[in-house]
Amino acid sequence: MQTTQIYEKLTDIFQNVFDDDSIVVRPELTAADVDEWDSLSHIRLVLTVEKAFGVKFSASEIGKLKNVGEFVDLIHAKAR
Amino acid sequence: MSNSIYANLSWLPQPPDDFNARCRALSQEEAELGRQIQALASCSLDDNQLNRLAKVITKSAASGKSLKPLTSFRLGVLSNSTVDFIVPSLIGTAARHGIALECVKADYDQVIQEALSPDSLINSSNCDAVLVAIDYRALPLRCKPGSKEEADATVRSVMEYLQTVRAGLKAQGKAICILQTLAPPPERLFGSLDRMLPGTLRNLIERVNTGLAESIAGTTDILLDVAGLAETVGLADWHSATQWNMAKLPFTNVYLPLYADHVARVIAALRGRSRRCLVLDLDNTVWGGIIGDDGLEGIQCAQGDATGEAHLTVQRLALELRDRGVVLAVSSKNNDEVARLPFQKHPEMLLREEHIVIFQANWNDKATNIKAISEELSLGIDSMVLLDDNPVERGLVRQILPQVAVPELPEDPALYARTLAAAGYFEAVIFSDEDTKRAGFYQENARRVSLQKQAGDVEAYLASLNMEITFQPFDATGRARITQLINKSNQFNLTTRRYTEADVAAAENDSRCFTLQARLADAFGDNGMISVVICRPRAESEWEIDTWLMSCRVLGRRVEQMVLLQILEHAKRAGVHTLIGIYRPTDRNKLVEDHYAKLGFKQLKVQEGNDTVWELNVDTAEVQTAPMKVRTIGFDLLPA
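These protein sequences, in sequence, are chains B and U.
Residues in the first sequence are numbered from 1 upward in steps of one, following the working numbering.
Residues in the second sequence are numbered from 1 upward in steps of one, following the working numbering.
Only chain U is shown next, with the shape it has when bound in the complex:
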């Protein structure tokens, strides 16, 4: 259900299994304390976990430990309900947004006294802001339904009350007020009539919310749209009658993490900590499919096709964000010209090159690319967001550049845009002319920046993926998928020879042929079949690699080396001493131009059609292995 996107903060990764132990270990931490707190806070934590983390933060701050790079912020909290649950959630959540939050909590139901008295706890605490967390039950929102005069007077008195609170806090404590819109209860008195009949609770609350928004616009105070939040998750879920009666919880505790995240976003925005740049992956993120394999006609980004429309929604959101001042960039594992094609030629693409400030399409790791983008734009790494459908890429960037926000994405691309929007990375408390003009500040020519040194330890990340590669000869079960890969792979494909299923079956049954299908599983799941090889005897004790292809999804994980090791092992067993590799250039497979050179093959010659022919001595070849477990199935069944 879409509601769970919000309730579970599903854009955040799950916390580590040993979350409690890590929290305890923080008490020993010194130099990296702030960063480690932020790392834990950046997971999807429930209210108990936030509470635990808040204790560590408060204790560390009290004992004078530095929480750098977190920025300190003192927040007063005024409420007519139980805020004892809200406060720890706020403290834990604020760390996610780079804020070391300290809360000053007024006594229950002391809103007006605290606001007006100069020596009240809140006014004497030198707060940076005061959260006025009152809900509809604190306000005199009762009058005779149907009486316009009474309704007007009621709304006026509520507005005056709120005005008095704000003025008091401003005059006595000089703090910014964060005021909440009121979430109406789900219960209606008449039914639909409630919305238009003056004096019903629904009607009154709607007027107060509108009046509140109008009265805050143009001031230094801040509006927190709790009514909007409650609408989003559903009023019936937001309000729990039992929890209100039992403990005066103003909303269901399930939504504490969500509410706290929204408060923390506006505080972060006040401190200039909102994100500024959206980095987009392309294949299966901006469009459906893989441009390098599926081609301009094969990718999905058209109206009238459900998958295409899902990806168009992502594009539309990106454009809307750009219009309000968010910088757009691209980081994609692709050939540059191929990746630009849809932007230039696809009639239904909404995003065009002119919308993208920096366009990084190459085969390097994304952490290095994002670092280059941030340096080129002079925007901090902590102002970047990466939207990418591939969990392995997300994991890599999170590990190497933990400051980058990388939302988890659901399976269904229809929910990508919603998830990105729900994460609220680009929260703003003000919208100025400067924002609308920002797009023009950058010369938007989709320029490419050259990469400096690698941003971090990719090897260590690969090792942490628990990869397992499974090798099998061709078999009946794999035949259809093998045929599909042979006919669809364009980029990582050395010869681009296309075969029918009958051809594949023939190779499978030809005892002189060596065939290989490889599957790769990792910590994120099973990638399925990712590589196919066919070797045919060429001369006495010589194999020619007729076909070698791989899915680009597993590029950069050194699967090639493992495949070569596997080929070599079987070559030796078959008494083969020489491997011949051929690279047949097409307009799509430049990626593997140096494939054989990188694996230690020697170039023999260039033949017609610019094909290059390569040779490897099976007995002396040295191939570096990669950090993955190898399983082999079914080779024993082959005739010797």
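Excised from the complex, chain B in its bound form:
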């Protein structure tokens, strides 16, 4: 899967999870940039991404992520 496709799909997911249609997902995006992005919606986000891309993440993989760009790299590595 191309990273551009991943960004497109992620934008949909972010808009859905955070109930905000104005979010556009870009690599440098972090939790600080999105009002609704707290620890609970973070879990919701991760679980939704798992389902949408058919992948599973471990707690340590998720814990290491600094921004969306790294998340995309992780999805890219797993979703083949």
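If you're looking for bench data, these hints aren't it; they were derived computationally from the structure.
Don't be surprised by glycine CBs; every beta carbon is placed ideally from N, CA and C.
Be careful, since some hints might not be right.
Stated by the list, open to error - Derived list of chain B stretches under chain U, where covered just means 3 residues or more per stretch with a C-beta under 8 Å from a C-beta of chain U: (1) 16-24; (2) 32-45; (3) 55-67.
Chain B is fixed; fit chain U onto it per the hints.
Below, chain U alone, put in the same frame as chain B:
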């Protein structure tokens, strides 16, 4: 996989594509808010969608908007795990069951404090019920394997703990407790030995679950069988080690909608909102095949035949439901006598007329029939369930009577009964003598009720189906199916003339014959070939309709009119001025007795065998068109 029936709540229809937009639009809604929320909630929603809907519900309630006809219910939630995901799922799902749910959420892992202190959040919130959602990890279920004494003491202390929680909530908050059985983890210590060895987790949990069920029986508290739910979908799928470690989710988030539906069912049952009446379609639901076409010998409902057994399973479930107090009714597009035949004469049928309170076999739309059944029984429309294999009928009833529960059904009839049972429409929190006697309350003589006015706008529904009809002359590709229809159709068949494939080929190649095969597709898919017509020249500029038949599956969709329009068009082109139609009565085709009269034909005479002969002037005929797109293929190839 059968698991998906449960995981996806597959008895519910898919949500609309613009679900998010519709949720947003709800904030502008006033009068119909409750109904519209319930309509959206009645789709198969995932946890994100439930979350979104829950926000709308909570916001609307907070701003003092009326959520009628939803009944309000305040639920306290006590847990040792993360309930922040459970709560929105519960709120969204409860609306599906007619409940406007408000949740009071205690802090994480404060079960005993909340239960015992009179001024705790839960006890001071005037809850209607409290869900004690604790799982095995919250309880001291650890002891030395093999020691019966230690195991007994462990089970006793767990039971006492649960008893203390219940007593506290009762004494301080006066709320009903909803207690969960414990879903055991999939990991075993020894293996199969775990089940019999005292002190293993498996053994302890089994004893706690049994003890819990026994201690609740006969009280006002409620048991929520989470262990049973987890078994149904599989323990390995139910428990996610990662999700527990990461966020203390007591079960995989995939099952949030399923879990929430089970909680909402018992709340609805507490509020008397469970369903009471099961309305059964007959053809391809109660038995395999079509009684009007296949006859008593042709339908499938016998042991030893896989399809027959699938339908018998439906019958068995219906009977079991009847025994516990659910009223059975029938709504079928059929002739009354024909539809009753299997009930009276088929040796393998389990359902008999005496089990059915109201028996509606006619050619009217099912919404009108279900309304009549509900009025006759004095049961609300919202207590009815319709089991029907035909997606178009399901769609019609859902559109016109949205309060009726209409489960989606999978392709395979073997899964009909499982799907109906999985939907849990008839959830009960108590089973009384009155329930067992209910069957006798109604005089069960399979009576027929007359129909009042049509229940809703069927036309608008038909228009929404995006129907497309395709007309073709007979051709080699269609020949086998044409022959099959000619030899099998009994009900919508004007002359019931049977032809061999060679006869059909002869008509196809006879340039003086006009032949027509019609296919119908709609929003639910392709119905395949549904109508066949053969016209033969009779006199100068006159055609006789030798054969006209149609599949009853597409009855009531005005396909007849479209077929007649097509015949007229070709008649004109061929210089034909008069169409002659003949109705040859058989014991199966009473349905089309008035077919020609309805289409504007004039009756000419009655001839031997009670055949009626009808005439239509091609040049002056007026036929109403129906809301469908018309495609014609292959007529240009015909010789002029």
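ask   = Out of the numbered hints, which ones does the structure contradict?
value = none
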